[in-house]
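Asker: Protein sequences appear in the order of chains A and B.
According to our numbering, the first sequence is numbered sequentially starting from 1.
According to our numbering, the second sequence is numbered sequentially starting from 1.
In case anyone wonders, no lab produced these hints; they're calculated from the structure.
One or more hints might be untrue.
Claimed, not checked - DSS-like mimics (lysine-lysine), calculated; alpha carbons at most 25 angstroms apart, straight line:
#, chain 1, residue 1, chain 2, residue 2
1, A, Lys-439, B, Lys-578
2, B, Lys-314, A, Lys-128
3, A, Lys-121, B, Lys-315
Stated by the list, open to error - Taking beta-carbon pairs under 7 angstroms as the criterion, some of the chain A residues facing chain B (in silico):
#, residue
4, Leu-73
5, Ile-91
6, Ile-97
7, Phe-99
8, Thr-101
9, Ala-103
10, Trp-107
11, Val-116
12, Gly-117
13, Ser-120
14, Ser-122
15, Ile-124
16, Arg-125
Said to hold, decoys possible - Some chain B residues flagged as far from chain A (calculated, every beta-carbon gap over 12 angstroms):
#, residue
17, Val-24
18, Thr-367
19, His-484
None of the values given here were measured: they were computed from a predicted structure.
No residue lacks a Cβ here, since even glycine has one placed at the ideal position from N, Cα and C.
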Amino acid sequence: MPTVLPSSTAGTALDQSAIAELCHVTKTYAVAGGRELKVLDQIDLAIHEGELLALLGQSGSGKSTLLRCLTGLTVPTSGRVLTYGKLLEGINPYASIVFQTFALYPWLTVEQNVAVGLMSKSLIRADKEAAVEKAIDLIGLNNYHDAYPREISGGMRQRVGIARALVAEPKILCLDEAFSALDVLTAENLRNEVVTLWKEQATTLKSIFMVTHNIEEAVEMATRICVLFPHPGRLGLVMENNLAYPRNPNHPEFQRLVNVIHETITMQALPDHPPEPVSVAGKPVSRARTRMESIPTVPVGRILGLLSILHDNPDLDNIYDIANEIGKDYGETISLVKATEILEFVETPKDEVRFTELGKKFINADSDTRKVIFAEQVKKLRLFHIILGYLEVQEEVDAETVLKDISTALPYENADNVLHTMIAWGRYAGLMDYDANTKMLTRPEAEEEKEEEKKEESAK
Amino acid sequence: MKSTATQLGVPEIERTFSWVDVVVLLGVFGLLWTILHFGRGMVIHFDENQSPAISTDIRTIPYYAGRTVLRMWIAFVFSLLFTFAVGYAAAKNRVARAVILPALDILQSVPVLGFLSITVTGFMALFPGSLLGVECASIFAIFTGQVWNMTFGFYHSLVTIPKDLQEAAINFRLSRWQRFGTLEVPSSMHSLIWNSMMSFGGGWFFVAQSEAITVLNKNIKLPGLGSYMATAVEKGDNTAAIWAIVAMLAVIIASDQLIWRPLLAWADKFKMELTESGDAPQSWLYTFLRRAYLFDWVEEKISRPLSDAFIRLKKRFGSLEVITARPTKAAGRWISRLLLGVIILWLIYQMILGAVAAIDSVYNHVTWQQFFRLCFLGSLTMGRVAVMTILATLIWTPVGVWIAAKPSVARFAQPFAQIAASFPVNMTFPFVVGFFVATHISINWGSILLIAMGTQWYILFNVIAGAMAIPNDLKEAATTYGLHGWSRWRTLILPAIFPFWVTGACTAAGGAWNASIVAELATWGNTTLTADGLGAYIAEVTQKGDTPMIICSIAVMCIFVVITNKLLWRRLYDYAEKRFHLD
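Construct the complete structure from the given sequences, taking the supplied hints into account.
Answerer: Structure, rendered in structure tokens:
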């Protein structure tokens, strides 16, 4: 799957022209309860001089972890990180990061914040000031020298972040979702400026490595695009993008690339299954019943919202259009559609989204009937059998016990998040209840039981 | 890439020296002279059988006040150094954290005053024939009174620094020192100053108490406001005593206005949030100092050339450094680790020795009967602490909520409550005891009032802070749904102020144990009133110098404090955090 470009220096295994290279990098984190979560699995990726590499992935796919391995902020559990063919020790001296949250120090002025990028260098003050001034000038921050970050807009703050990164004279600029906290217009403007900076080669900057979940952003900027598949993070699609700058989003080739990426992500998240076996006794056989499948961590309210939007807009049948309609990014929309599909309310041939009969019945039902249908569907999911199985034989079960079972069944998922989603779904379905103080999952208190208890109490 | 946004730049104004700088310069030199003047008095000859006489002449008050203030500041500087060193170690090193956090937890429950007799004899042995020994004991008492809280606060801010800010510092390869100065201290500055202010306020109590103590049947008096007060009361000189109280108030208000308010105003820029805060703290002195050109001048003409020269020097020898850097670094690390290990082992060894000696002396001298009596006395004192906390809560909660509802009153009342909490009420005990004697109130009950006088304020100003922090929309919602009277209290006010009340009540109760040592055994002229309680017992054995009993009684008090902390306050904290946390 991962395609490493042919090495320019023949004969050596190591890629000398790669500014940074990951070799079989795996990263595992210890999570609560002594469990382990594998975030990156056997990643091979090289960033060469002159390229602008975009790493695409849904949230939680490990793309930020990958960036941190590359910059030396995180040490991989196994595998190696190389810079220009040499093993990286400590912090990558060629890389500067631009953060999603800007990561500016609120107590320093713009000028002082930019100077932080120079702190590790022994320079006399005059040289330092000249370098800072140059970076400030380059990035269009003139007249903001003495402003504090809290006094300037988000776009200007990110400019400070970029100036601080550039002043350290990096070979590679690492953008960690650098535009996602900005409004659309500001982000567009800044994207163009970053591409110009890299293309003009006016600085020491050779390459850019950007991490993003925005497909258009990647296609607009990058010369090479990698898609990271989640749970655990592994490289899926790797493709070149040779469109000329400035790129026009309406260009057919641009559209084609976006579609290819869409399809790749959709097929990974919502694979088309072979026709299901003929249903027995009028009951559909759930594919979730045959194997343990995770559930996307999506709140119940979103599922109901999606169904009602689909119901109100019969023309809306493509995941991409849905993403635009609900104003969520593609990855989030995929999770949402997947959750709805698992519950068999919709089906997804290719990237289409269609109501099933059950889905139609569900959306037209009153709230009590909806709960009954929802409960029936949840009961079909094998994952829920973990909890429901416990609650069949005992009144309540410790959340920690359930967490252990979940992480055994789904080793690459964040068990905490999965459990919280299960609790939310189970509560809505009226199948279980959860006490956050005792951390116990309990059977729901049925109306009759409550009454019986009252009778017992009064009898006493 | 020209920016089209509004221009924030201000044309540079050529700044020069003005009369402001003259005033600032005079202030700086005045401060240096004062430190030298009062510091000289600390190292004079001292004979423990002939304690220097304390004059009750009103004209000597400024000198005594100066000595007391100097003591406070020396203790504070040491507290600050300790805070940085220990708080940093706890935040950065897993092994250190495992040792430091529980140790701090115990140490902050230890009633400092009980140890005075032991530390005084220890420090006097360290500096024989000099007043410095007694000075050190007093400074040490203040230090132990204020340092734990500050260290905890610093540790807490260090571990809550946002991850991206840390990653930025690491990515740009800031050295440890640079990270400390650019990120770690600034991001904890705000809480550090608040905690310092609170701890410093608490320190006045200890300085007043430790200046005039009776150890091993000897009266030791250090020149200072506390001992001036004690002498005045002994002599029955009421005018002098009242002047001492006025001087104390003046000193506390001056510290607040000249040090803490300017610091708070300055530290406003260190707040973490990226939005502009509505009302920034103001200080007339800070506004004044900002007009001075002197600081810019020092930066421009002295600090800058110095740092440039240093860098040039470093560069000249830079090539040498690079070659030897790696091996010495690794070797240096091992040497420093080894050294640290040796120091820690030695400390542990000393602690074990001390503990064995203490247990030995206690075991041989204290009978089980005496021990059970101590536990009984402990429960009496605990009863007093509990009654004080409950009464203070019942009285001050409604008052605090009322004050918070009126912003004009709150603005005035909050600093007032802070000053009231800072004032060492133990200075006024003799008068209250005189009142008890005159009205035949039993000290067994009266001591509750004495304890409350110093500690109730913590409950008050935490309740005020809590009530002021209730979000407006919650208040409006409560009004919209017609919540009045008790239902409003039950659904809105009590849950909202509960976490703040826990903080206040816990601090008050902790202070109350310390205060009991002073409050349960109180003197008015020749009359000495002794209550039944552990505090009075500790005070008595301290005066007699009965070391085994001192150790044993303090140990019992520590156990009481630690147990109530674990069983009550810790649980209330957790409960408040889980149930009533407003986010």
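Asker: Against this structure, judge whether each hint is valid.
Answerer: Hints, verified against the model:
Simply put, A:Lys-439 and B:Lys-578 have alpha-carbon atoms about 13 angstroms apart, close enough for the 25 angstroms limit, and the pair holds. Distance check on the hinted pair: B:Lys-314 and A:Lys-128 sit about 16 angstroms apart at the alpha-carbon level, within 25 angstroms; holds. This hinted pair checks out: A:Lys-121 and B:Lys-315 have alpha carbons roughly 11 angstroms apart, not beyond 25 angstroms. Among the interface hints, the one on A:Leu-73 holds; its C-beta lies about 6 angstroms from the nearest C-beta in chain B, closer than the 7 angstroms criterion.
Using the Cβ-Cβ criterion of 7 angstroms, the hint placing A:Ile-91 at the interface with chain B is satisfied: the shortest such distance is roughly 5 angstroms. The interface hint given for A:Ile-97 is met, as the beta carbon of that residue sits about 5 angstroms from the closest beta carbon of chain B, less than 7 angstroms. For A:Phe-99, the interface hint holds, the least distance from its beta-carbon to any beta-carbon of chain B being 5 angstroms, beneath 7 angstroms. The restraint placing A:Thr-101 at the interface with chain B holds, with a minimum CB-CB distance near 5 angstroms, inside the 7 angstroms limit.
Residue-level restraint check for A:Ala-103 holds (minimum Cβ-Cβ distance to chain B is 4 angstroms; threshold 7 angstroms). This hint holds: A:Trp-107 has a C-beta 5 angstroms from the nearest C-beta of chain B, less than the 7 angstroms allowed. Satisfaction of the interface hint for A:Val-116 is found here, the shortest Cβ-Cβ separation to chain B being roughly 6 angstroms, below the 7 angstroms cut-off. A least Cβ separation of about 5 angstroms between A:Gly-117 and chain B falls short of the 7 angstroms threshold, and the interface hint therefore holds.
Interface restraint check for A:Ser-120: the shortest CB-CB distance to chain B comes to about 4 angstroms, inside 7 angstroms, so the restraint holds. At a threshold of 7 angstroms, the smallest CB-CB gap from A:Ser-122 to chain B is about 5 angstroms, leaving the interface hint in force. Taking 7 angstroms as the C-beta cut-off, the interface hint given for A:Ile-124 holds, the closest approach to chain B being about 4 angstroms. The interface hint given for A:Arg-125 holds, since its Cβ lies 6 angstroms from the closest Cβ of chain B, which is under the 7 angstroms cut-off.
The claim that B:Val-24 is not at the interface with chain A holds, since no C-beta of that chain comes within 12 angstroms of its own (minimum 23 angstroms). With a minimum CB-CB distance of about 46 angstroms to chain A, B:Thr-367 clears the 12 angstroms threshold, and the non-interface call stands. Listed as a non-interface residue, B:His-484 keeps its Cβ farther than 12 angstroms from every Cβ of chain A; the least gap is roughly 30 angstroms.
Going down the numbered hints, you'll see the structure goes against none, and every one checks out.
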